[in-house]
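There are 2 protein chains.
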Amino acid sequence: MAVVKALSKAPCDVTLVDRRNHHLFQPLLYEVATAALSPGQIAVALRHVFRDQENASIVLGEVTGVDLEQRRVLVGDENLPFDHLVLATGSTHHYFGNDGWEPHAPGLKSIEDALEIRSRFLVTFERADRTASAQERARLMTVVIVGGGPTGVELAGTMSEVARRVLQGEFRQLDTSSLRIVLVEGAQRLLPVLPPGLGSRTQRDLEELDVEVLLDTRVTDIDANGVGLDSGARIEAANVVWAAGVCGAPVEQGLTDFARKDRRLEVQPDLSLAGHPDVFAIGDLAHVESGGKQVPGLAPAALQMGRYVGRMLARELKGRPRADRSPFVYRDKGTLATIGRGRAVAHIGRAEFGGVVAWLLWAFVHIWFLVGFRSRIMVLLDWAFAYATFDRGARLITGDPFSGEVPGGRSDRA
Amino acid sequence: MAVVKALSKAPCDVTLVDRRNHHLFQPLLYEVATAALSPGQIAVALRHVFRDQENASIVLGEVTGVDLEQRRVLVGDENLPFDHLVLATGSTHHYFGNDGWEPHAPGLKSIEDALEIRSRFLVTFERADRTASAQERARLMTVVIVGGGPTGVELAGTMSEVARRVLQGEFRQLDTSSLRIVLVEGAQRLLPVLPPGLGSRTQRDLEELDVEVLLDTRVTDIDANGVGLDSGARIEAANVVWAAGVCGAPVEQGLTDFARKDRRLEVQPDLSLAGHPDVFAIGDLAHVESGGKQVPGLAPAALQMGRYVGRMLARELKGRPRADRSPFVYRDKGTLATIGRGRAVAHIGRAEFGGVVAWLLWAFVHIWFLVGFRSRIMVLLDWAFAYATFDRGARLITGDPFSGEVPGGRSDRA
Numbered sequence: 007m008a009v010v011k012a013l014s015k016a017p018c019d020v021t022l023v024d025r026r027n028h029h030l031f032q033p034l035l036y037e038v039a040t041a042a043l044s045p046g047q048i049a050v051a052l053r054h055v056f057r058d059q060e061n062a063s064i065v066l067g068e069v070t071g072v073d074l075e076q077r078r079v080l081v082g083d084e085n086l087p088f089d090h091l092v093l094a095t096g097s098t099h100h101y102f103g104n105d106g107w108e109p110h111a112p113g114l115k116s117i118e119d120a121l122e123i124r125s126r127f128l129v130t131f132e133r134a135d136r137t138a139s140a141q142e143r144a145r146l147m148t149v150v151i152v153g154g155g156p157t158g159v160e161l162a163g164t165m166s167e168v169a170r171r172v173l174q175g176e177f178r179q180l181d182t183s184s185l186r187i188v189l190v191e192g193a194q195r196l197l198p199v200l201p202p203g204l205g206s207r208t209q210r211d212l213e214e215l216d217v218e219v220l221l222d223t224r225v226t227d228i229d230a231n232g233v234g235l236d237s238g239a240r241i242e243a244a245n246v247v248w249a250a251g252v253c254g255a256p257v258e259q260g261l262t263d264f265a266r267k268d269r270r271l272e273v274q275p276d277l278s279l280a281g282h283p284d285v286f287a288i289g290d291l292a293h294v295e296s297g298g299k300q301v302p303g304l305a306p307a308a309l310q311m312g313r314y315v316g317r318m319l320a321r322e323l324k325g326r327p328r329a330d331r332s333p334f335v336y337r338d339k340g341t342l343a344t345i346g347r348g349r350a351v352a353h354i355g356r357a358e359f360g361g362v363v364a365w366l367l368w369a370f371v372h373i374w375f376l377v378g379f380r381s382r383i384m385v386l387l388d389w390a391f392a393y394a395t396f397d398r399g400a401r402l403i404t405g406d407p408f409s410g411e412v413p414g415g416r417s418d419r420a
Numbered sequence: 007m008a009v010v011k012a013l014s015k016a017p018c019d020v021t022l023v024d025r026r027n028h029h030l031f032q033p034l035l036y037e038v039a040t041a042a043l044s045p046g047q048i049a050v051a052l053r054h055v056f057r058d059q060e061n062a063s064i065v066l067g068e069v070t071g072v073d074l075e076q077r078r079v080l081v082g083d084e085n086l087p088f089d090h091l092v093l094a095t096g097s098t099h100h101y102f103g104n105d106g107w108e109p110h111a112p113g114l115k116s117i118e119d120a121l122e123i124r125s126r127f128l129v130t131f132e133r134a135d136r137t138a139s140a141q142e143r144a145r146l147m148t149v150v151i152v153g154g155g156p157t158g159v160e161l162a163g164t165m166s167e168v169a170r171r172v173l174q175g176e177f178r179q180l181d182t183s184s185l186r187i188v189l190v191e192g193a194q195r196l197l198p199v200l201p202p203g204l205g206s207r208t209q210r211d212l213e214e215l216d217v218e219v220l221l222d223t224r225v226t227d228i229d230a231n232g233v234g235l236d237s238g239a240r241i242e243a244a245n246v247v248w249a250a251g252v253c254g255a256p257v258e259q260g261l262t263d264f265a266r267k268d269r270r271l272e273v274q275p276d277l278s279l280a281g282h283p284d285v286f287a288i289g290d291l292a293h294v295e296s297g298g299k300q301v302p303g304l305a306p307a308a309l310q311m312g313r314y315v316g317r318m319l320a321r322e323l324k325g326r327p328r329a330d331r332s333p334f335v336y337r338d339k340g341t342l343a344t345i346g347r348g349r350a351v352a353h354i355g356r357a358e359f360g361g362v363v364a365w366l367l368w369a370f371v372h373i374w375f376l377v378g379f380r381s382r383i384m385v386l387l388d389w390a391f392a393y394a395t396f397d398r399g400a401r402l403i404t405g406d407p408f409s410g411e412v413p414g415g416r417s418d419r420a
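Chains D and C, in that order, give the protein sequences.
Counting the first sequence from 1 gives a position; the working numbering is that position plus 6.
Counting the second sequence from 1 gives a position; the working numbering is that position plus 6.
Since the hints were made in silico from the structure, they are not lab data.
Just so it is clear, CB atoms sit at the ideal spot from N, CA and C, and this is done for glycine as well.
There could be a bad hint or two in this list.
Simulated restraints, written as ranges between beta carbons of each label pair [said to hold, decoys possible]: (1) D:T226 to C:Q59: 41 to 49 Å; (2) C:G106 to D:E108: 32 to 40 Å; (3) D:A305 to C:F102: 29 to 37 Å; (4) C:T21 to D:T226: 42 to 50 Å; (5) C:Q59 to D:R337: 22 to 30 Å.
Partial list, derived from the structure: chain C residues whose beta carbon lies under 7 Å from chain D [claimed, not checked]: (6) R53; (7) V55; (8) R178; (9) G297; (10) R401.
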């Protein structure tokens, strides 16, 4: 989207191909997974965003391959020719070679993922309320979150609040606040991308929310009933959420020469593929170094890459020589992670801080970046309501909660 | 819900069993199907509604049978005993014996139905934009709505507005306003439950929105590519929506003695089943006569029946003899049907009117009845935005639009 926007006045036709008709604001996806927001509130139709940009066309379709020699993109059974190509297919879950874990531990990348997690999470309270077995109740009332990065921290903190505040008192037998939430992180601290002080601050905040934090711990097994750890311990848990590894999600055909082990594409300093100065990879898909460090897989970095390529192409289409390209430089404007109601941590320049101020900053920044005025206002109001009342408006279990093995298997839902 | 609320101060325990964890405000379901509202905006969690009612418990489960002699309800593998039982399982689509039509012509009863229709409707524009065949484009750009009652009228009018206003200008090739919408009704006029003048007024309003209205016409065949009519004509259409027949949706076992041909349950004047004065059927499930006329399957009638049974039981639990029961009397407070932006018809007492006044009344009444303050405010704002900007916020095609045969088959979506 950033590339398309940057090309709005360039003398060219721009075609945006996406297998979804909408843009998803991923940083707030955990809010859908925990029933605070509806999918429609964190997504906008691509056609709507670009309706007034005359040189932009949208194609709803899945790109299955790229022919770099013939300069064509394969979309279904169509071939789209290109002069310049920008690849921005992002990243996907990576189970470290244990693909059998996926059905038991959904990740959080798409709306379907979020609704899957929401449905499983809400259904287990219902089941725990009805079971006569104390052992089964304990299993149902345990959530393991694998991965202590921003997504894992956000999910752990928010799920704790849902159990301790939102659902509190809604069951006649079950004490929902007895929900056990275990956050498992392989590194020595939470939020490894942030300074160590903020990691321990985050851990303290989570522990105040009754989240158990296991550091320096790796998951060795995930099945339908729980999780095995490298300490030899096993946790019986009805809900396991994968917030650990991601890898690049390149198109299927034509780019293997550029793919690294983590499936990200190796790019030149100008984000182009080696030997193909008109083909670029940006965002989570690209492995980029800037200032000697790897650019993190975060939304601001992806936005900066998109703007960089879009503006460069716009200049070149107006006649600037390709030789003038300067390398992409990532500007770290700061990193924010939220933990729960009024709790967050921030690292901006040399400043490190937490608490309500960080949370307000986080809320402001995220609402601001939500695409489109309408979403901004509605999300703001939804949050204001949720904050004031501890209510969550999107608590729907749809699809058939009794078909299949929820939790444990997939079924239709909405 | 009305029964449970009416029993809030009665000396009894009330158990509400539902296979969904939420209450759905069905009169606005067409707004979800046409991408104006998100599912979360027309639904509330049952537990949330009754969190403060101490004598009420919620059980998420599907009732598969009733044992009237043993006074037990079968929920999954559990038996719930009862002293009094109120059945309110509603109605479902009825394809007049042609169940093979269902996959090609989804109805509109659940959130899944609405999301199915939304997804099919939005995807066909994308396909029409990409096809090279004029014949295929014509098929894709045709919608047939079977049934000219309130749901059919609302869908026809709103789909026309989406095509002519919301999507207008968002496709570079396709003229979305060329969408052909055909509304097929078997009777001599639209909205047969309303006075004839309002039916013709509605028809005029729809025709101004370029909807083709076929009266006195019956569908004889529905397949993946279109619809056959009893006139011998055939309409090639990618989207067919079923808004015609409904029938009762009783539980599977134990009530066959009371089921009519239309699967509604025959009830006594006090809404109890014959010979079982402690077992009631209410809402769309019940076949009730009041003042010599059949009570219509509308939300206000269901609400009145619920309140009637709940209050009667509350009185009897406090000692009033059963012999004092007076028969249920339906009070028709008026009927409203909306057609589109600023267009509706109203029949209240002896007054019949249409236009903006009817539409404002319709909007006011529907927002008012939306359960819970939060939903009310949010829906109001969403509508205000939609009215001011012709934008629709819930335009998500989720699930995989390329898997299976959408339109024509089912796939996961959200």
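Q.
I want to verify a distance hint. Is the separation of the beta carbons of C:T21 and D:T226 within 42 to 50 Å?
A. Between C:T21 and D:T226, where Cβ atoms are some 43 Å apart, the hint holds.
Q: Closer than 7 Å between Cβ atoms is the bar; does C:V55 clear it against chain D? Give me holds or violated.
A: Not OK, violated: C:V55 not within 7 Å of chain D, min 10 Å.
Q.
A closest beta-carbon separation below 7 Å is what the hint needs, so does C:R178 meet it against chain D?
A. This hint holds: C:R178 lies near chain D, its Cβ roughly 5 Å from the closest one there, short of 7 Å.
(Q) Can you verify the interface hint for C:R401: is its Cβ closer than 7 Å to any Cβ in chain D? (A) holds (4 Å)
Q) Hey, does the C:G297 contact hint survive, CB to chain D under 7 Å? A) At about 38 Å, which exceeds the 7 Å cut-off, the nearest Cβ of chain D leaves the hint on C:G297 violated.
Q: Starting from the hint 41 to 49 Å, judge whether the C-beta atoms of D:T226 and C:Q59 obey it.
A: The hinted range 41 to 49 Å holds for D:T226 and C:Q59, with Cβ atoms some 47 Å apart.
Q) Is the hinted range of 29 to 37 Å satisfied by the C-beta distance from D:A305 to C:F102? A) Cβ of D:A305 to Cβ of C:F102: about 52 Å, so the range 29 to 37 Å is violated.
Q. In this structure, is the beta-carbon distance linking C:Q59 and D:R337 contained in 22 to 30 Å?
A. violated (55 Å)
Q: Evaluate the given range 32 to 40 Å for the C-beta pair formed by C:G106 and D:E108.
A: For C:G106 and D:E108 the Cβ distance comes to about 36 Å; the hint holds.
Q | Interface restraint verdict for C:R53 against chain D (beta-carbon cut-off 7 Å) | A | holds (4 Å)
The structure fails hints 3, 5, 7 and 9 (numbered hints given earlier, in ascending order).
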